[in-house]
Amino acid sequence: MSALARASAAELARVLSTRIWWILMLVLVGYAAFIAAILALFLGQLGPLLGGTADLPARDIADLVYSSATSVGYLVPVLLGALIVTSEHRHRTLTPTLLAEPRRGVVVTGKAIAGVTVGAVTGVAGLLASVGIGAAVIAAGGGDPLLGDPETWGLVLRAVLAMALWGLVGVGLGGLVANQVVAIVLLLVFTQFLEPILRFVGAIWEWSAQVGKFLPGAASDALVGAGLFSSVGALDPSAAGMHQAALEWWQGGLVLGGLAAVLIALSLLTTWRRDVA
Amino acid sequence: MTSVIEVRELTKRYRDVHAVDGLSFAVAPGRVTGFLGPNGAGKTTTLRILLGLVAASSGSATIGGRRYRDLARPLREVGASLEATSFHPGRSARDHLRIQAIAGGVPRERVAVVLEQVGLADVAGRRVAGYSLGMRQRLGLAAALLGDPGVLLLDEPINGLDPEGIRWVRSLLRALAAEGRTVLVSSHVLSEVEQAVDELVVIDRGRSVYQGPTSGLAPAHPRVIVDATDRVALAAALAPHVVGAADDGALLLDGIDAAQAGRLAFLAGIPLTQLGTQEQGLEGGFLELIRGAQA
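Chains as they are written, first to last, in the working numbering: chain A, 17 to 293; chain B, 194 to 488.
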């Protein structure tokens, strides 16, 4: 095995040997299934009975329901990616890691590969939940879950890619911040509070919508092709006057990948060069 | 495979403090070398520089002529145990070693072998969070031995061990050196390792103060122990030589022999109740070296 293969395999073994991985995976699967079921119920044929919107095209319903794994679940891969690095600082395990592989570039690359892998696996698990439960609920309501439509599987593949990229973003952020508590607080504040506000405010003017589409969450929704936030207009007619702007799916992927690359490069120039005492 | 550890003109500055200051020494295979010095002398910093974890300000630190980071599979050549806290509390000992084996390219069978060797085989599946300090030290040693390396760097491996554990580590160190390995073991208490080490490198405030065989470390000249009913008057009469008190309250003198002390007391008209000498052994010689360096 090459040094990089050894480093990546060791990183994956590190992730799998801790409980937090299984806990976050369960949270993601449960949450994605729950949101997908609620959306499918509300947007589908049962919607009007519950006071919701009717007459949304089946394609839009399927996209929204299936993408709930990414639109609410992307926090899990980015957290896991960050923990891959910050837990080593927190538990002072960077010493044994660097004793086994003293070249820090190899260690960071191994962590990046593990981050992408962990992200992709969370993506597969989250989509199994959102598509599995979502399709069942749509079908139960008499709607068409569009499981035979290639567009559905395109969305699933792009969603797994988005989750993999979020894992990579986490490795970069964790590497840059190093402190576990700070990294978790930063992620929660940004993804749950700051970015939603920015995206909401951004939609007020045309120019700010053009800037807001580059926010990581917006880029992620663009890559997947659907997301709760970018579909506000479709869900709520009163919001229809807001300015919607979105990147192409591949542009969204480039923004997320670029963000990860910048964070990892900055961490290599700063935190990763420090003495390990 | 055996290798010489070589530290040459090594310096590490932290802002205005010299943690290591122009330190040079070599460690040969086939014997146990003690790396001694008080806490904060620079032992751990030196070991971390040798292992590529800390960057030196200047100078070099090599193992078998190469820097640690230039070793292709370092765990197979150098085993190190640095501190008993470097384990993820949620992982078991077996998981920790398994991950190190994967990362270091060490055959997986070695995990069970070293667990058995350090006596952790029965508890290897338990989370490290529940381990005592002594068990963590054993796990640290297991990790150092994992790659069956020719060079061992052990930082305070005896800390936290019970007397039986200390005896076990001493015989382990001897056995490893007898197999031709290079063994460097740090401690801040000479008596802890005295019986196990052949060579000494003593440092203080980042500088070398003694290098050579353990037997060459001169035992401190014996101290004079003296007592009288009127201790205050006695202390006044012998003032410049008093360095402390014995357990029973008698005065300890330095830089003076028993005959001189007796004469001074006689001249001061103080009847002595005790006059003798106290051997200090190697530990005293070690402490004296450090005090001398600090004076």
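Be aware that one or more of the hints could be misleading.
[To be verified] What follows is a list of derived Cβ distance ranges for each label pair:
1) B:Ser253 with A:Ser18: 24 to 34 Å
2) B:Ala426 with A:Arg108: 19 to 29 Å
3) A:Asp291 with B:Ser217: 13 to 23 Å
[Claimed, not checked] From the derived model, a few chain A residues whose C-beta atoms are all more than 10 Å from chain B:
4) Met17
5) Leu114
6) Glu117
7) Ala155
8) Thr168
9) Gln208
10) Leu214
11) Trp223
12) Phe230
13) Ala261
14) Ala262
15) Trp265
16) Gln267
17) Leu270
18) Val278
19) Val292
Hints were generated in silico from the structure; no laboratory data involved. Idealized CB from N, CA, C, for every residue including glycine.
Item checked: 10 Å cut-off, C-beta based - Ala262 of chain A kept clear of every residue in chain B -> holds (41 Å)
Item checked: Check on Leu114 of chain A being off the interface with chain B, judged by Cβ distance over 10 Å -> About 6 Å separates Leu114 of chain A from the closest Cβ of chain B, which leaves it inside 10 Å; violated.
Notebook entry, point to check: Would Gln267 of chain A pass as off the interface with chain B, using Cβ distances and a cut of 10 Å?
Noted result: holds (37 Å)
Notebook entry, point to check: CB of Ala426 of chain B to CB of Arg108 of chain A, is that within 19 to 29 Å?
Noted result: The hinted range 19 to 29 Å is violated for Ala426 of chain B and Arg108 of chain A, with Cβ atoms some 56 Å apart.
Notebook entry, point to check: Taking the CB of Ser253 of chain B and the CB of Ser18 of chain A, does the distance hold inside 24 to 34 Å?
Noted result: Given range 24 to 34 Å: holds, Cβ gap about 28 Å.
Checklist line | Check on Thr168 of chain A being off the interface with chain B, judged by Cβ distance over 10 Å | finding: At about 38 Å from chain B, Thr168 of chain A clears the 10 Å cut-off, so the statement holds.
Margin query: Does Trp265 of chain A clear chain B by more than 10 Å, comparing its Cβ with all Cβ atoms of that chain?
Written below: holds (36 Å)
Check: When you look at the beta carbon of Val292 of chain A, is every beta carbon of chain B farther off than 10 Å?
Finding: Check fails; 4 Å does not lie beyond 10 Å.
Next item on the list: Determine whether the non-interface label on Leu214 of chain A survives the test: each CB of chain B must be over 10 Å from its CB.
Entry: holds (36 Å)
Notebook entry, point to check: Is the nearest Cβ of chain B still more than 10 Å from the Cβ of Ala155 of chain A?
Noted result: The assertion about Ala155 of chain A holds, with a minimum of 41 Å to chain B.
Note to self: Minimum C-beta separation from Val278 of chain A to chain B exceeding 10 Å: can you confirm that?
What the structure shows: holds (25 Å)
Item checked: Minimum Cβ-Cβ distance from Met17 of chain A to chain B exceeds 10 Å -> violated (7 Å)
Checked against the numbered hints given earlier, this structure breaks hints 2, 4, 5, 6, 19; the rest are met.
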